[in-house]
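> Put together the whole structure using the sequences plus the hints.
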Amino acid sequence: QLFGKNYKECVCKISSDCELPRWHMHDFFHAFLIIFRILCGEWIETMWDCMEVAGQPMCLIVFLMVMV
Numbered sequence: 078q079l080f081g082k083n084y085k086e087c088v089c090k091i092s093s094d095c096e097l098p099r100w101h102m103h104d105f106f107h108a109f110l111i112i113f114r115i116l117c118g119e120w121i122e123t124m125w126d127c128m129e130v131a132g133q134p135m136c137l138i139v140f141l142m143v144m145v
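The numbering used here puts the first residue of the sequence shown at 78, with every later residue one more than the last.
Take these hints with a grain of salt, some might be off.
Pair by pair, the computed Cβ-Cβ distance ranges are [said to hold, decoys possible]: (1) Leu137 <-> Leu110: 14 to 24 Å; (2) Val145 <-> Cys95: 27 to 37 Å; (3) Phe106 <-> Met144: 15 to 25 Å; (4) Met144 <-> His107: 13 to 23 Å; (5) Val145 <-> Asp94: 32 to 42 Å; (6) Phe109 <-> Gly132: 15 to 25 Å; (7) Val145 <-> Ser93: 30 to 40 Å; (8) Gln133 <-> Pro98: 14 to 24 Å; (9) Val145 <-> Cys89: 31 to 41 Å.
These are calculated hints, taken from the structure and not from any lab test.
These numbers come from a predicted model, not from an experiment.
Glycine residues also receive a C-beta, built at the ideal position from the N, C-alpha and C atoms.
Below, the structure written as C-alpha cells:
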C-alpha cells in the first residue's frame, strides 16, 4: 500500500506500453505476492522497478526489512 499511488502515476517508467506489469504493488494482493516473491529470493527485478517508480530510499528500506 505504500507504493500503490506511485505505480499508477509513474507506470510509463517501467513499462513501454504504460500498463502495469505482472509484478507491481498497486493493490494489496499484488503487494502481498511481491513480498512472497522477495522471500523466495526473486527480489532484484522487483526492487529495480520499485526504485524507478517510487525512489531509492523507501524501496531499499522496505526490501531490506522484508529480507531480514
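> Now tell me, hint by hint, if it's right for this structure.
We went through each hint and held it up to the structure:
1. Leu137 <-> Leu110: 14 to 24 Å: Holds, since Leu137 and Leu110 (Cβ atoms, about 20 Å apart) stay within the stated range.
2. Val145 <-> Cys95: 27 to 37 Å: With Cβ atoms ~34 Å apart, the hint holds.
3. Phe106 <-> Met144: 15 to 25 Å: holds, 21 Å
4. Met144 <-> His107: 13 to 23 Å: Hint holds: Cβ distance 19 Å, inside 13 to 23 Å.
5. Val145 <-> Asp94: 32 to 42 Å: Check passed, 35 Å falls within 32 to 42 Å.
6. Phe109 <-> Gly132: 15 to 25 Å: The hint (15 to 25 Å, Cβ to Cβ) holds, given that Phe109 and Gly132 are roughly 22 Å apart.
7. Val145 <-> Ser93: 30 to 40 Å: For Ser93 against Val145, whose Cβ atoms are near 34 Å apart, the range 30 to 40 Å holds.
8. Gln133 <-> Pro98: 14 to 24 Å: holds, 19 Å
9. Val145 <-> Cys89: 31 to 41 Å: Hint holds: Cβ distance 32 Å, inside 31 to 41 Å.
Hint compliance for this structure: every hint is met.
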